[in-house]
Amino acid sequence: MPESIVAARSLHKTFPNAGGGDAIVLLDDLSLELAAGDTVAITGASGCGKSTLLNLLGTLDTPDSGSIEIMGERTDHLKEKALARIRSEMIGFVFQLHHLLPQLSALENVLLPTLARRDPAHRREVRERAENLLAAVGLSDRLCHRPDQLSGGERQRTAVARALINTPRLLLADEPTGALDERNAEGLVALLTQLALEDGLALVTVTHDPEVASQMETIFRLSGGKLSALNPSGSKS
Amino acid sequence: MSLCRLILRSLAYYWQHHVGLLFGVAIASAVVSGSLTLGDSVTASLQKLEDSRLGRIRDALVAGDRFFTAGLAARLGAGTHVPAILAQGTVSAKGGKIRANQTQVLGVPANFGLLSEAGVPMDLPPGACAVNRNLAQRLGIAPGDTVVIRMEKPSPLPKDAPLSGSADNDITIRKQVTALIDDAHLGGFKLSTDQLPARTVFLPLRDLQSTLALPGKANLLLSTGCTPSLLNNAWTPADFSLTTQLLGDGGLEVKSDRVFLKPAVEQALVDLAPEGAQPVLTYLVNAITSATATGTTPVSMATATRGIVPEGRTGSLLPPAAITQWLAKDRGLAVGDTLTIRYFVVGDRRTLVEASTDLEVTRILAMDAPEVNATWTPEFPGVTGVDNCRDWEPGFAVDLAAIRDKDEAYWDTYRGTPKLFLRPEDGTRFWQNRFGKATSVRFPRAPADLTKALRDRLAPASVGIVIRPLRTDSDAALDDALPLGSYFLYFSWFILMAALILAALLFLFCLESRTRQLGLQKAIGIPLRLTRRAILGEAVLITAAGAFLGMLLGIGYAKACLWGLTHLWQEATGALPFVFHLQPLHVLGGSLAGMLCAFLVVALASRGIFKKTPLQLLIAAANSPLPTSSPAKKHRLSRLAILSPASCVAVASLLGSAALLATSRILSGQALMGAFFAAGTLLLIAGISGLVLILRRLDRPGLPPATITHVGIRNTVRRRGRSLAVAGLIASSVFLVAAVNAFRLNPTHQASLRSSGTGGFAFFGESSLPVYHDLETPEGARAFGFDPEELDAIAVVPLRTLPGEDASCLNLNHAQRPVLLGVDPGSLATREAFTFAGGATTWQSLIGLTAKGHIPAIVDSNTATYALKKKIGDTLAFTDEHGQEFKIELVGTLSNSILQGSVLISEENFILRFPSTPGYRTFLIDVDSAAVDPASISALLTRQLFARGLSLQPASERLAAFHNVQNSYLSIFTALGGLGVVLGTLGLGVVVARHLIERQGELALFRALGFPPWHIRWLVISENIFLLIFGIALGLLSALLSVWPQVVTPGSGMDLPSMALFAAAAFLCGLAAIFAASAKLPKLTAISRSEAP
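These protein sequences, in sequence, are chains A and B. Numbering-wise, the working numbering puts 93 at position 93 of the first sequence, and it's gapless, one number per residue. Numbering-wise, the working numbering puts 433 at position 433 of the second sequence, and it's gapless, one number per residue.
A couple of the hints might just be wrong.
Listed next, with one range per pair, are the computed distances between beta-carbon atoms [what the hints assert, rightly or not]:
(1) B/Leu1068 - A/Glu128: 57 to 67 angstroms
(2) B/Ala725 - A/Ala36: 52 to 62 angstroms
(3) B/Lys611 - A/Arg127: 28 to 38 angstroms
(4) A/Lys81 - B/Gly556: 40 to 50 angstroms
So the derived list for chain B, only partly shown, Cβ under 10 angstroms to chain A, looks like this [as the list claims (entries may be wrong)]:
(5) Arg5
(6) Leu11
(7) Tyr14
(8) Gly519
(9) Gln521
(10) Ile526
(11) Thr531
(12) Arg532
(13) Leu615
(14) Gly804
Worth flagging that the hints you see were computed from the coordinates, not collected in a lab. Every value quoted in this text rests on a predicted model; they were computed, and no experiment measured them. The C-beta atom is built at its ideal place from N, Cα and C for all residues, glycine as well.
All chains should be built: construct the whole structure from the sequences, respecting the hints.
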């Protein structure tokens, strides 16, 4: 049986209604389990809760009820310090807006997640890994360039490399191609799926782009707080 | 990737954002280190003054009006010891047109100069006369000019004593100035530690000794080190004014040049031979009468001693007396007869009261009896050295017409031979006075080594010769000097707070623009502590750089403050010449303190951001916050508005303010000022509460806004808390800085009232030389050439004065020996003069002793609190002229009075402790201004008492000098506080910048809707101008109410133009900050390229 990377069970999440009525239910008894190598797209209408689901899986948010396990470790009741460790060691994020630090070079941005590790030997090792990752995303000649010296696609690819530097098991991408043109978007998605496959990651992509979704193994649609597989194959929901 | 690299990269990238923090820290550090440097400079200035005052002098032997031998200096041994004569006088120049009172006349030998910093002998040849620079400046003279020095010839007896000789013993010396003595050569020497520069004329010691008829004498000895043991092994009886005389029967008599032996000296002599020592008291009796003969035997000597007078008849109540044959014949007396003697005893103000006593003749001595000789009689000034009785000047009125030829013949033959003898106890009972009860002590045989024997029993202090550790006293005074540096730190509080708040705001602003970075770091698993360390690491480096810059700015700040103290606020520090002094450790410490404060403020302010979750940080974009209350809630609230907390506070505060104003009609003085200050404070509170109601009203749905200004003003409700904080902070700051002026002291306000600080007196007078006569008596008036009617419109309260250090707010040093004044309590009590601030409520509290046996004293409250650092019930130690320590206890304090700087005790207690301090040197003068022009009285008194060096100052002027110190401090606070408020208004710019970031999208919408850029800019500006104007107007109005009593009172010194200037500066700075921050608006409303996909 493939190793379970992330297992969300009976997640329930609501949002307060500013108009004074009942709370808006974003996720209603939602369950999802991903194993190594699974690539999943989550689609749905704007405001349906796709990013919320991603934030929950990435321990950036907590459910009203239900549980989430990352590599068998339950996360919904952990303190921020423990969650930071999990995010650092097990999860990689790719945001719609790259969120690169403008004051650091591409290489330094990729190395940013390794800040917590002080071991000099580890530093040498990850530097090599960072260079390799940047080479893998086609930016070997952009190591010393700052974000304002990179194109939009290059910035997003740097962000992908940054997400992978700590060898995460779970890669979460929230609208990774939202700010890219068609060509760059295509290239980025291919990169994500390739790297996920190579490294045995579980990849979850939130997107409203059908082209991007079609590149994933499984496409889920989030509607009414529930997930339904549009092309069920392999992943359980 | 390392934390250091992240910190340095971020610092380099965001350096522009950090400029605000850098300058905020620099200002804070500058204020702290500058204040410390100012304090060091003041201390150094005082130290410099002290060093030039004392040179190498460490100790002084001070004898006051007593004189020891100048040879004592040589006998003291190792070290430099210089004898001198120190006297008080007046010096006039330019034909008497300019006069300097309170001048020191210092007779010094050449080696006086060895004690100076320069260490060279003083060039003062015989006949020379030098003045110090201060005196030269005062008189406008230079070497070659002529000066007239007036001083008093020292008397063997204090002038208050009976038989002290004529009161008029003034000396006038005309000299040509040969040199000016600067401070490096001890030109500034004086005994007291205060900032008032000395006025000194230097004469060669021998010249002055000759002029004063005191060859080989000195009353001051300056030393590089004089200890009690050195002194005790060096002094001789001659230093105590003691002379010895061998008697015909082989005995020895010890007398004093000062006529009466001090009680301690008499006792020590008696202790040398308790069985054999024979105290003697010889007195001058005015007249001797008896029933056995008509007429009187005028002025005669009488001696009280043992072994001469047999007891009287059994049952006789009269004291026995032995008379000479001459007297017996003159009065027709026989043994058993009664005679009456009349004699003077000392009353107040040199008044002599005649007393009389009946005696029984128990023995008649032949004129050739061994007891009948002139050796009993000491040298009475004006008497014993005179050839004819009719030329006597004993110091009191003598009926010269009563002197007969036989009396002259007696004088020619027998001189001062006593005509009658009494028992010792009778003599003590009749003639004992505060100067002693013996005129000599006789020994049957000369004691072995009298000098050593006396040294073993007597301390020089017991005769008023004391060692003053001048350098130690100076160090103590400096150690506890006014902490001006600390005061400036308090005054700079607003600048410090404004700088720190501005720094924190700007840092926070920078941080908030990087919230996504922070959120990312958290999201990707970087521990919070590392993220925090990275940000605070930047803060540490910026604050360190700011602290360094602050060190440099602090030097400028200190120099600016010193300039202010010298040119703007000189009344706060008197005539102190400041020197700039840098203490590197203090500068460093101050900068570090500023850095630490700034870092703590920044760290605290940024805590909130770090607490946010990664998600909150990631999505925290520049979005407009939603309205804080729902429409439904607003509707409910509006109905209850009248009962809302804000309404209640506003109404209550207004009512309170009105009530206080109403009660102010019946108040006066401090109570009135307090009422108005409280009313102003309540108005401020009402105004801020009113703003809450205004914002609430603006938030209600109503008519659509008609102009962009209306929209801007309505925008103040979006962040009500922030709007309230901005306006409230501005209002409070403006109010505080301006309203402290409510506590300005007005010396002219009701100055003629007894309850005021002047005590209702017109003049405060001081004389260089003592005044012995009572000006309110015809005799006293005539003594100074007044026509008694001329003085009908004045009344004088004289005060005995023990010179000391000024313990007023004009002296920055801690007064070690304050001036002591002795006053008749009744003269102030009947006038109900002055207002008591605490403790006693009447001057009668000065009478007698306290329950603890101390001498009660009253001081001005400022003197007690700031100069002496004492409170009611505390004690001060003094040493009397007998060398005995005694304590005075503070029983009452006066409120802001002209008596600041001195300690007042009763005249009776004063005389008890300092019997040899003659006359009066301080005066409170009443003038009936309805009957006579006070200015003309002042001119008359000053002219007629010219020889005494009397100077008069209008009491209101003296009070003003003290008040100006406090008023100067208020001015300093207003100036520095105002600077702080102005700096704070710059923070508005930060608030505006934050608004712009938060409402980017909304402002972009306005642009899309076709509003021109200036309208969009005005939208932001109008919102903040409304808050700025509201805050300043409310603060100013409240402050104006607080200071209203000062505003409407003429001469209050209320500086309205400065207040207006300060408000205008705050407004303009705030306006400039708002306009500057809003200038970025056009760029923010365009879509940023860096964020484009």
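Evaluated hints:
1. B/Leu1068 - A/Glu128: 57 to 67 angstroms: For A/Glu128 against B/Leu1068, whose Cβ atoms are near 60 angstroms apart, the range 57 to 67 angstroms holds.
2. B/Ala725 - A/Ala36: 52 to 62 angstroms: Holds: the Cβ-Cβ distance is about 54 angstroms, inside 52 to 62 angstroms.
3. B/Lys611 - A/Arg127: 28 to 38 angstroms: Holds: the Cβ-Cβ distance is about 33 angstroms, inside 28 to 38 angstroms.
4. A/Lys81 - B/Gly556: 40 to 50 angstroms: holds (47 angstroms)
5. Arg5: For B/Arg5, the interface hint holds, since the closest Cβ of chain A sits about 7 angstroms away, which is under 10 angstroms.
6. Leu11: Cβ of B/Leu11 sits 9 angstroms from chain A, so the hint holds.
7. Tyr14: holds (7 angstroms)
8. Gly519: It holds, given that the least Cβ distance between B/Gly519 and chain A is near 8 angstroms, below 10 angstroms.
9. Gln521: Holds, because the Cβ-Cβ distance from B/Gln521 to chain A comes to roughly 7 angstroms (cut-off 10 angstroms).
10. Ile526: holds (5 angstroms)
11. Thr531: At 9 angstroms from the nearest chain A Cβ, B/Thr531 passes the 10 angstroms test, so the hint holds.
12. Arg532: violated (12 angstroms)
13. Leu615: The hint holds - B/Leu615 has a Cβ within 10 angstroms of chain A, the shortest such distance being about 5 angstroms.
14. Gly804: Check failed: Cβ of B/Gly804 comes no nearer than 69 angstroms to chain A, outside 10 angstroms.
Checked against the numbered hints above, the structure breaks hints 12, 14 and satisfies the rest.
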